[in-house]
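One-letter residues, chain by chain:
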Amino acid sequence: MEMIGQGILAAFHLLLTGDPEVLKITLLTLKVSGTATFISLLIGIPLGTLLALKEFPGRQFFLSLVNTGMGLPPVVVGLWVSIFLWRSGPFGYLDIMYTPIAMIIAQAIIASPLVVGLTSAALQQTDPKLRLQIKALGTTRLQYLWLLLKEVRFSIMAAIIAGFGAVVSEVGASMAVGGNIKDQTRVLTTATVLEVSKGNFDIAIALSIILSLLAYFITLFLTLLQQKKQGA
Amino acid sequence: MLKKIKSRKTISTLLATLVILVLALTGCGTTQTPQPQAASTPTPANPNLILATTTSTQDSGLLEVLIPEFQKKTGYTVKTVAVGTGAALAMGEKGDADVLLVHAPSSEKKLVDNQTMINYNLVMHNDFVLVGPASDPAKIKGMKTSVEAFKAIEASQSVFMSRGDRSGTDTMEKSLWAKANLKPAGKWYQETGSGMGQTLTMASDKASYTLTDRATFLANQKNLKLEILVQGEAALLNIYHVGQVNPEKFPKVNQEGAKAFVNFMLDPDTQKTIGEFGKDTVGQALFFPDAGKKMEDLGK
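In order, the protein sequences belong to chains A and B.
Each residue of the first sequence is one higher than the one before, counting from 1 in this note's numbering.
Each residue of the second sequence is one higher than the one before, counting from 1 in this note's numbering.
Hint data in this document are derived by calculation from the structure and do not stem from the laboratory.
For every residue, glycine included, the Cβ atom is placed at its ideal position computed from N, Cα and C.
Mixed in with the good hints, there may be bad ones.
Here are a few chain A residues that sit away from chain B, every Cβ distance over 12 Å (derived from the structure) [as the list claims (entries may be wrong)]:
hint, residue
1, THR17
2, MET70
3, GLY92
4, THR126
5, ASP127
6, LEU130
7, LEU137
8, GLU151
9, MET175
10, GLY178
11, THR185
12, VAL193
13, VAL196
14, PHE201
SDA-like, lysine to any residue: derived pairs with alpha carbons at most 25 Å apart [said to hold, decoys possible]:
hint, chain 1, residue 1, chain 2, residue 2
15, B, LYS252, A, PHE91
16, A, LYS182, B, THR273
17, B, LYS259, A, ILE181
18, B, LYS94, A, ILE101
19, B, LYS249, A, MET1
20, B, LYS252, A, ILE181
21, A, LYS182, B, LYS225
22, B, LYS225, A, MET1
23, B, LYS94, A, MET1
24, B, LYS249, A, LYS182
25, B, LYS94, A, LYS31
26, B, LYS94, A, GLY5
27, B, LYS225, A, GLY5
28, A, LYS24, B, LYS252
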C-alpha cells in the first residue's frame with residue numbers, strides 16, 4: 001500500500017516539476033501513437049468502406065481476416081515487423097529499425113484492422129433504404145460516401161478511440177521494433193516495463209498513472225467530439 | 001463546466017489548439033534530441049551504432065553512465081538494444097547489431113570460433129550469488145561451493161527459480177547443475193522466462209532460491225525478502241566481453257563505430273569509471289574492470 005502511495009506522490013512530483021525525461025517520453029508516446037492512429041484512419045476508413053459496400057469474390061474471407069486482425073497480439077506484430085526491418089531482412093536497407101518510424105509502422109498495423117472492421121460494420125448496418133435515398137438526391141460517388149460516413153460518425157469515432165487506445169497501451173511491438181532506447185524510442189509503456197524490471201516500482205506506478213491520464217484526456221477529448229450535439 | 005464545451009466552434013478551436021500545442025512541443029523536442037554538440041565533438045560519417053547487450057547489463061545502470069560519455073567523446077549515437085543474451089548473440093549472428101557487450105563466454109565461444117565476433121576483448125566481471133529466504137529450508141547458507149548448494153536444494157526439493165531464457169545467468173545456472181550431475185525437474189524447479197529483476201521479485205514473493213548476479217540483487221535489495229547465501233566461488237564469476245560483429249561477414253555493420261566502442265570500453269578512463277560504479281548508490285563496486293587480463297586468470 002505504501003508503494004502505491006509513493007507511486008502517486010512520485011507521479012505528482014514528476015508532473016509538477018516537468019521532469020524533462022518524462023516529458024520527452026510522454027511527447028514521443030503522443031507522437032508515435034497519434035501518427036499511427038492517423039495513418040490507420042487513412043488506410044482503414046477507405047478500406048472499411050470498400051469492404052462494406054462493394055461485393056467482390058473473397059469478401060467474406062477478407063472480412064474474417066480483418067476481424068481476426070483486431071485481436072492481433074502487439075508482440076506478434078512486433079516480431080514480424082522486426083523480421084522485415086532488421087538488417088538481415090528485406091527492408092533492412094531502409095535503416096529504420098529502432099527508430100520511431102518503425103514503431104509508427106508497427107502501431108499502424110495494430111490499429112488498422114480495428115478501424116477497418118469497425119468502419120465496415122458500421123456501414124453495413126446502415127439502412128439500404130437510406131443509402132438509396134442518398135443516391136436518389138443525385139449525389140456524386142464521393143458525396144454519397146461522405147454522407148454515409150457522416151451518418152455513422154459515432155461508430156467511426158468509436159473506431160478512432162479504439163485504435164488509439166490499442167496502440168497507446170501496447171508494449172510488445174514498441175519494445176521489439178523500437179528497442180526502448182533512452183532519448184530515442186522510449187515511450188511510456190516501455191519505460192514502465194524497464195522500471196518494473198529494475199525494481200523501481202514507485203516510478204513504474206508514477207509512469208502508469210501518467211499514461212492513464214494521457215490516455216484518459218485524449219479519449220475524453222475524442223468522446224466530447226463524438227458526443228457534441230448536432231448543429232450546435 | 002462541460003456543458004459549456006458543446007458548441008462546434010469551441011470544439012474546433014480546442015482541437016486546433018491541442019494539435020498546435022502538440023506539434024510545437026514535439027518540434028521543440030526534436031530539435032533537442034541530437035546530442036549536445038560541443039565544438040570539439042567529432043561527427044562520424046555513419047553516426048548510428050547498434051549495441052546489442054543484455055537486460056541485466058542495462059538494469060545495472062552502468063550503461064546509463066558509459067553511453068553518454070561515449071557519445072559525447074566520439075559523436076556516435078548509440079542504439080542500445082537490451083535483450084536476452086540469446087537474442088543479443090542471435091543479432092550478432094545475423095549482422096543486425098554492430099557491437100556486442102555480453103557475458104556468457106561459453107555461448108560467445110561459438111561466435112568467436114566462426115569469426116562472427118572479432119576484436120573480442122575481456123572488459124570486466126562481477127559475480128553471481130545464490131540467494132534465498134532467511135529461513136533457508138535447504139540449509140545452504142555458508143556452503144563453499146555452488147555445486148554443494150545445488151545438490152542440497154535438489155535433495156530437499158526446495159523451490160528454485162530459474163531464468164529459463166538462455167541468458168548469461170541462465171547459462172551459468174545450467175552449467176552448475178551439469179557440474180553437480182543433476183537434471184533439475186519437478187514442481188520445485190520453476191522456469192520464469194523473465195528478466196533478472198522480475199525473477200528476483202518472484203523468488204522473494206515465493207520465498208525460494210535463485211541464482212542472480214550480485215549487481216541486480218544489490219540494486220533490487222530494498223524490495224526483496226532474500227539474502228545472499230552462497231558466494232565467492234571462482235565458478236560463480238560473471239565475465240563480460242565486448243566484440244565487434246565481423247564486417248567481412250556483414251558489410252552493413254558500422255565497423256568504425258564498433259571499433260570506437262571497443263576501444264572506449266578498454267580505455268583506462270572508462271575502466272576506472274567501471275570500477276567506481278555503484279559505490280555511491282549501493283555502497284560497493286558492482287563491476288571489476290579487467291581490460292588486458294586473460295579470462296583464465298580471473299578468480300579470487
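A quick look at each hint next to the structure:
no.	hint	result
1	THR17	holds, 17 Å
2	MET70	holds, 27 Å
3	GLY92	violated, 7 Å
4	THR126	holds, 24 Å
5	ASP127	holds, 26 Å
6	LEU130	holds, 24 Å
7	LEU137	holds, 24 Å
8	GLU151	holds, 18 Å
9	MET175	violated, 9 Å
10	GLY178	violated, 9 Å
11	THR185	violated, 8 Å
12	VAL193	violated, 9 Å
13	VAL196	violated, 7 Å
14	PHE201	violated, 7 Å
15	LYS252(B) / PHE91(A)	holds, 13 Å
16	LYS182(A) / THR273(B)	holds, 20 Å
17	LYS259(B) / ILE181(A)	holds, 21 Å
18	LYS94(B) / ILE101(A)	holds, 22 Å
19	LYS249(B) / MET1(A)	violated, 54 Å
20	LYS252(B) / ILE181(A)	holds, 21 Å
21	LYS182(A) / LYS225(B)	violated, 31 Å
22	LYS225(B) / MET1(A)	holds, 17 Å
23	LYS94(B) / MET1(A)	violated, 46 Å
24	LYS249(B) / LYS182(A)	violated, 29 Å
25	LYS94(B) / LYS31(A)	violated, 31 Å
26	LYS94(B) / GLY5(A)	violated, 46 Å
27	LYS225(B) / GLY5(A)	holds, 21 Å
28	LYS24(A) / LYS252(B)	violated, 31 Å
Comparing the model with each numbered hint stated earlier shows that hints 3, 9, 10, 11, 12, 13, 14, 19, 21, 23, 24, 25, 26 and 28 do not hold.
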